[in-house]
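A.B. asks: Residue numbers (our numbering), protein chains in the order written: chain Z, 1 to 984; chain Y, 985 to 1079.
Since the hints were derived computationally from the structure, they do not count as laboratory data.
Heads up, some of the hints might be wrong.
Unchecked claim - Quick look at which bits of chain Z chain Y covers, simulated, 3 or more residues with Cβ under 8 Å: (1) 238-251; (2) 328-337; (3) 869-876.
By construction, the Cβ of each residue, glycine as well, lies at the ideal position given by its N, Cα and C atoms.
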Amino acid sequence: MSQINRLSGGKIDRHQILNFTFDGKTYQGHPGDTLASALLANDVRLMGRSFKYHRPRGVLTAGSEEPNAIVELREGSRQEPNTRATTAELYDGLISKSQNKIGSLRFDLMAVNDRFSNFLTAGFYYKTFMWPSAFWEKFYEPIIRKAAGLGSISLKDDPDDYDRGFLHCDLLIIGAGPAGLAAALTAGRAGAQIIIADEDFSFGGRLNSERFTLGDQSGSDWTGQTVAELSSLPNVRIMARTTVLGAFDHGIFGALERVSDHLLQPAPGKPRQIFWRIYTKGSLLCAGATERPIAFENNDRPGIMLAGAMRSYANRWAVTTARKVAVFTNNDDGHRTAADLHAKGVSIAAVIDIRPDAPQSNDFEVIAGGQIINSRGRLGLKSIDIALPAGGIRQLSCGALGVSGGWNPNIHLTSHHRGRPEWLPDIAAFGPPAKGPAGLRVAGAAKGDLTTSGALNSGTEQANAWLKDLGFVPTAPDLPEAEDAPISITPFWFVKGCKRAWLDQQNDVTVKDVHLAHQENFVSVEHLKRYTTLGMATDQGKTSNMGGLAILAELTGKAIPEVGTTVFRPPYTPTAIGAFAGRDRGTAFRPTRKTPSHAWAEEQGAVFVEVGMWLRAQWFPKEGETDWRQSVDREVLATRKSVGVCDVTTLGKIDVQGADAATFLNKIYCNGFAKLAVGKTRYGLMLREDGIAMDDGTTARLAEDHFVATTTTANAVSVFRHMEFARQCLWPNLDVQLISTTEAWAQYAVAGPNARRLLQKIVDPEFDLSNEAFPFMACANITVCGGLRARLFRISFSGELAYELAVPTHYGDAMIRRLMQAGEEFDAVPYGTEALGVMRIEKGHAAGNELNGTTTALNLGMARMVSKTKDSIGSTLSERSGLKREDALKLVGLRPVNPANPVPAGSHLMSKGDPVDAAHDQGYVTSACFSPNLGHFIALAYVKSGDSRMGEILRLVSPLTGFDHEVEVVSAHFIDPEGERLRA
Amino acid sequence: MIINHPLLGPRDSAEFTYMGDASLIDRPDWKNPQALTQFIDYGYMRDNPAGAHCELWYHEQGDRSFLVVTRDTTTHEIFSVELARDVARSRGRST
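Can you make the complete structure from the sequences, with help from the hints?
C.D. replies: Following this line, the structure appears as structure tokens:
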């Protein structure tokens, strides 16, 4: 029968039927339901299995603090584990499943853990899986990993979009219960820009769950009227389904808006969730309070829930968990639950109140001074055992039990900046710390004002306090008369003698575990938490922390405030990682930078490689080439034989201008730049202040006060940052300006014996490119193709006669096409980064592999470049003795003794006859390639005192790949050591 | 965090890159006879205060100013924000 537990009334739309499934079975509910309320309406109490012991579990709460009713929602790529059934809004077609079971929910095979519970207590893993250590990886860990965790993930890409957004306001009001609404009304009418956010889909907070009247209106009517007025105010932004997750620095709050979680799938173009950053001048926490349970033996059966939640289900959702219910309480609020359910026609078995002077009722039995000492029912509550005040035990049958141990203010956000909560004896709970996040005020139940009247008044008061601070005129809204019952509570946390009484139901922590932890001397609350895992589940112990503290206080003979409490961290509730990532995922994770010749290279069928954020052509396969080496060897040989063209735009370009530009560069580079002539280019080596090589590149002097410095592709950003630091912080009075022009110029290397002849067809005829007029290392502003401004540098990375030609980026595509067309008569080839790498290794030029963050100018064989006659960054510390050891690593070349052998990068070098171990290490290979010009593999390597070991045969070992053969130490300049080609 | 840029007003800290202790401004004189020792201190020795700390923030996603931000490391309260160039000049860095 459908919805047998449905009562009358409630905030649900009975005219509409919503069909949904749980564990494959179809049920019906109504708009306004949560998954939990709809399941309870259909008499489903069992909703999951516990984490460790696989105990049957049902709903404990009616909100986001839920530890038990954690389910898997949706299917396929939208499947989401570990969702609280108590906050999942029902929609037609919702598919849900229980978690953490093997077999069916009713007959979970893992429930055997419950039989072995004596072994699975606190610290079980630490104590049990100690030895043998070899068992960890292959045996213990896989078992634990399989058993740990609750839900399962789909392993499919999330098809939905998540957005991030920014909001600004004068006052952020967190929570839309009576305090929040009164505050919003006060501040809204005064004209302040306000945002009021609530995690619920329906505003009103507890007003939705109570029968109280406000003036002559019901709670939900007053809420409706208030929200209607707020909606009409242009200065108020109302955000339902929005959880404020954390208080960050300087008035910044993080909030998650669940835009589409209540729909089958997001509407086209809409995100699933939005992660908001809210920047606010003031904030007001009106987050209400959370009820806490009382621990007793077997208090975790489905059907046992918080009394306030039981009342919410009855009043808001018109649902009772069973037709006969009981209440266990230490305060007057528990009696309200019995009264409300009685009024809805539910049979009240009894109210068991631990207080001997408990108020009596004409409508139901009250057992004053009674305590519940056990419960029965395998998959759901059937009966409870009550210890009577006069002695003796009474068994009482009931299908549900509401438990109330009092209410804890929701102060989580107030402790996000490490504020220590303060004890409020009146309500026996922790309240907000004296020093919370700057600019955060607290009102209503979150502050300890647990009555409706108190909430309305404190909301107004605190809003007015903000209005005054922010320069608005305070207002006094006409607050309705509201419930103002005095709080009567006798602190009571657990029934004496109970053992398997659950404190933290999500992490399966019992009273016994706390005893054990104390017995093992974990007396600090922080240690207790970590040893037992109390409060460390996804609910952050919202319903369990207080119970644990109270027991620890009793065991240590201290008062609860002396024991202290742990603090909370963001996020307030679990948040999908996708929401933090927003749209920054997949290819949008970071920008893709394309070179000016990208479109042309694509047309040529180039294979691309990511370098930093750039996509660069790696090689250009020709028809018939089946292996990358064929393409690369061809590109290298053709370039060295005639001419090749390579896009080198990605190298960083920094424009350095000003009267002191030369002085500045003299400090940045370890070698001298002051005397560089206009029209000349120089290689520069840049050190970090600690003397380690940072970057290198060529710098051209285009005018007395104008240089263009180049950096490696990878370091373009960090070098620019470093130069700005030097300019602003170290030499603030130099007349020098910097700007990055990396993307302003498309730059092509034209290399090979025919490079000049090719360029002569491009460069306008008034510019003389002859060796005399434009020698090696010359540079000039020129024009090309009949007047297009360009820059020409005669520099060479390949070791060939070579130029780099720069044109404004928008001409980059046209220029590569023009170059290749002009090069046709010379059989010009485009070459990619692989051929570029082969040619620089053949030439012995250092690159990123050699400037690897551990090497100095001395290691690079450039010690003499570090000028001693001027100050430059790194020059002093490069003098440290440790960096100048006799046997320092030196850059050399390597040649395999057997030409057929490769010389892989990363291999280590040993002296012949020495053992292969770290103590005898002679150095390592940094760069390696096959040299098509030499017909065998070559490599660059750092070798101890390498410059004096030319001709020595070393043993190359690579334990990872198994290589072990002999190599000869040779000069790093494999090709044209005299440099005749590049000066040709 | 929000950093109140002296030229641009309050900006989100996401626009900045943290660049370490502001003592990096006090680069020793290379001609000092104790230069090597001084540079080692400059390069490696840092105070690690629980409280007010002067540090460099680089407005990399903005106007590229280096700022000296004085911040409480325990609360993130920011006491002052200055242009690093002004600080460097006031500490006598001339060239």
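A.B. asks: Compare the structure with each hint and give your call.
C.D. replies: Quick rundown of the hints versus the structure:
As drawn, the stretch 238-251 of chain Z meets chain Y at 4 residues by the rule of a beta-carbon pair under 8 Å; at three or more, the given contact holds. With a cut-off of 8 Å between beta carbons, the stretch 328-337 of chain Z has 0 residues touching chain Y; three or more are needed, and the interface restraint is violated. Only residues whose C-beta sits within less than 8 Å of a C-beta in chain Y count toward coverage, and the stretch 869-876 of chain Z has 3 of them, enough to reach three; the restraint holds.
In the structure shown, a violation is registered for the earlier hint numbered 2 alone.
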